[in-house]
Amino acid sequence: MNCLLISTSVNEANRDLELFLESKKVNYKIVNDPFAGIQQAQEHHFDVIIIDAGLEDIQINQTLRILKGSSPASRIIVQSRSNSRDLETAIRKEQVFYYHLNSFGINDLTTAIQSALDVNRI
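Residues in the sequence shown are numbered consecutively from 1, following the working numbering.
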């Protein structure tokens with residue numbers, strides 16, 4: 001099982017996420033640039049792709065379409081620090097696996113990842 005994390009921020013939540021992935025023995029790769037993330041998705045298979053909706057210089061709906069086209073079997077989880085009707089509509093329109101607001105906490109995100117990876121069997 002492997003995971004791609006696309007995020008520019010280095011924060012406690014991302015460190016908690018890394019610790020969770022390590023505890024479940026999930027191989028993961030972190031990239032800080034959405035374009036590098038797209039390239040990684042084109043070159044390698046990832047069971048789960050987690051992308052931060054707040055990345056600069058991207059339109060999340062277009063980025064999700066490219067990721068889904070590059071890696072159609074991957075389950076995509078979008079995380080966001082803030083929410084708006086337009087953002088949520090754009091993300092849900094792309095039929096991602098899960099849309100996570102960071103204010104829900106790390107447990108909500110790790111539950112979604114467990115479901116996406118089915119890591120309970122590990």
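Any given hint could turn out to be false.
What the hints assert, rightly or not - With a cut-off of at most 20 Å between alpha-carbon atoms, the simulated EDC-like pairs for lysine to aspartate or glutamate come out as follows: (1) LYS24 <-> ASP118; (2) LYS68 <-> ASP108; (3) LYS24 <-> ASP108; (4) LYS24 <-> GLU43.
FYI, nobody ran anything at the bench for these hints, they're computed from the structure.
Cross-check of the supplied hints:
A hinted pair counts as satisfied when its Cα atoms are at most 20 Å apart, and LYS24 with ASP118 qualifies at roughly 10 Å. In summary, the hint linking LYS68 to ASP108 is not supported, as the alpha carbons are separated by about 23 Å, beyond the 20 Å threshold. A threshold of 20 Å between alpha carbons decides the hint, and for LYS24 with ASP108 the separation of about 16 Å falls inside it, so the pair holds. The straight-line distance between the Cα atoms of LYS24 and GLU43 is roughly 24 Å, outside the 20 Å bound, and the hint therefore fails.
Of the numbered hints listed earlier, those contradicted by the structure are 2, 4.
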